[in-house]
Amino acid sequence: MIPTFEKALSLLEGRLLTYHEVVHTLKEYQLNQHLSELLERADKQPAILTKPTMCCQRCNNQVLDRFEQLTADKHYCLNCLNMGRILQGEYLYSLRERISNAPQKSASELLTWQGQLSAEQARAANDLINSLADPQHPHSIIAVTGAGKTEMIFPVIAKVLAAGGRVAIASPRIDVCRELYPRLQTAFAYTDSCLLYGGTDTPYDSVPLIVSTTHQLLRFAEAFDLLIVDEVDAFPYAGDESLHFAVKRAVKAEGKLVYLTATPDKTLEKAMRKKEITSTTLPARYHGFPLPEPVYYWLGDWRKAIRKQQNNSKLARLLKEFSQIQGVKLIFMPNIYLAECLFAWLQTLLPQQSLACVHSKDPDRKIKVQAVREGTVELLISTTILERGVTFTNCHVCIVGAESKLFSRAALVQMSGRVGRKQDFPTGTLIYAHEGVSLAMASARKQIKLMNQQARARGLIK
1 MIPTFEKALS
11 LLEGRLLTYH
21 EVVHTLKEYQ
31 LNQHLSELLE
41 RADKQPAILT
51 KPTMCCQRCN
61 NQVLDRFEQL
71 TADKHYCLNC
81 LNMGRILQGE
91 YLYSLRERIS
101 NAPQKSASEL
111 LTWQGQLSAE
121 QARAANDLIN
131 SLADPQHPHS
141 IIAVTGAGKT
151 EMIFPVIAKV
161 LAAGGRVAIA
171 SPRIDVCREL
181 YPRLQTAFAY
191 TDSCLLYGGT
201 DTPYDSVPLI
211 VSTTHQLLRF
221 AEAFDLLIVD
231 EVDAFPYAGD
241 ESLHFAVKRA
251 VKAEGKLVYL
261 TATPDKTLEK
271 AMRKKEITST
281 TLPARYHGFP
291 LPEPVYYWLG
301 DWRKAIRKQQ
311 NNSKLARLLK
321 EFSQIQGVKL
331 IFMPNIYLAE
341 CLFAWLQTLL
351 PQQSLACVHS
361 KDPDRKIKVQ
371 AVREGTVELL
381 ISTTILERGV
391 TFTNCHVCIV
401 GAESKLFSRA
411 ALVQMSGRVG
421 RKQDFPTGTL
431 IYAHEGVSLA
441 MASARKQIKL
451 MNQQARARGL
461 IK
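Numbered continuously in full-length UniProt numbering, the sequence shown closes out at residue 462.
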């Protein structure tokens, strides 16, 4: 076999692709000439099964209402349509990974991160390494926001890479993936890596280390010796059976699955109680300071205050005071419309402040977040799109309309977790501004207080 065909083989190993995706992948590397031979080598399976029931082989959708009929004998899956149409009569192609050689460097040489783990982080890191001996049971790290979960996974990643294995770190959120990727590039400077998410310009490559959205895992099968799912409770992964299916399929039979979260959902908690998943809990941040606890602030009819731009309202007074705090100020809003309305008002209410507004439909979100880091934006209005995965130095948070049904307990805890993450600025202002205390608000504050109590009882905070 010539070297270019070896490359073509590697691009299909551990993947699960439609014919058009195989063609596109080869084109990106100018390997089109190997298409026929590659497809002959590949395992193939029907894209959609019709017996005993309709089933999409990519996402495992078996709900009849989630299939659309194109012609009398042609259906396509609506459930994974955002990954490209998959049609009855087509095939999915894959190749099992060939045995790879271990890299020449040891785990300690592969890990180029210069930091030091705290005692609790080291305990969690060792638990992860020890859990590799039990591939049948996933392991979960339940760590408070700002505990340093990313650093905790470095040793187990290094160990698997040193053994010649492939590693993927997946998250439901694109923003989290973008935040993680440069940190992992720095921590594993000698290891080839790639970042995968919908809309990226970077092509897939068969590298040892991958950072990916959970949706991209629909294109993998038995690919990874270690798969770490970060923010496992986050939308859209939480509650999406297809993404859970994709995660389990993407891990090799003897591979290890790891979950990371600060806010485990009921499904994960139940699995841990039943011992189906092993776990490690960290109730304290790496710097040894307690989690900032929220202060309630009653606003009255805050929607009316925004709609009518009432400069003498409780909301106006609060935001004027909040804007005077030194550091990064984040104002979280329940939805895009309210965020944009508040932004329009604050431009006149706070003319001296450099403001920006971000949400899921904002094409300049990445640029604005960077502007906050560089100090050119002082106050950022956001929806829950920034509730997790982003860290700012000296950050303060005000959640307006904290009682909104759109703010779950987990979302409130995550937004609260933006405050006090850095060792140089371990405290900060945290306000739940509301028209009436919700059950989720009370539950979030209770969880934050409980973590601090547990940390104090174990002597983990100052």
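Note that these hints are calculated values from the structure, not bench results. Just so you know, these numbers come straight off a predicted model, no measurement behind them. Be careful, since some hints might not be right.
As the list claims (entries may be wrong) - With a straight-line cut-off of 30 Å between C-alpha atoms, the simulated BS3-like cross-links for lysine-lysine are:
hint	residue 1	residue 2
1	314	449
2	44	105
3	248	320
4	366	422
5	361	405
6	304	274
7	320	74
Here is what the structure says about each hint:
no. : hint         : in the structure
1   : 314 with 449 : holds, 27 Å
2   : 44 with 105  : violated, 36 Å
3   : 248 with 320 : violated, 49 Å
4   : 366 with 422 : holds, 21 Å
5   : 361 with 405 : holds, 21 Å
6   : 304 with 274 : violated, 48 Å
7   : 320 with 74  : violated, 60 Å
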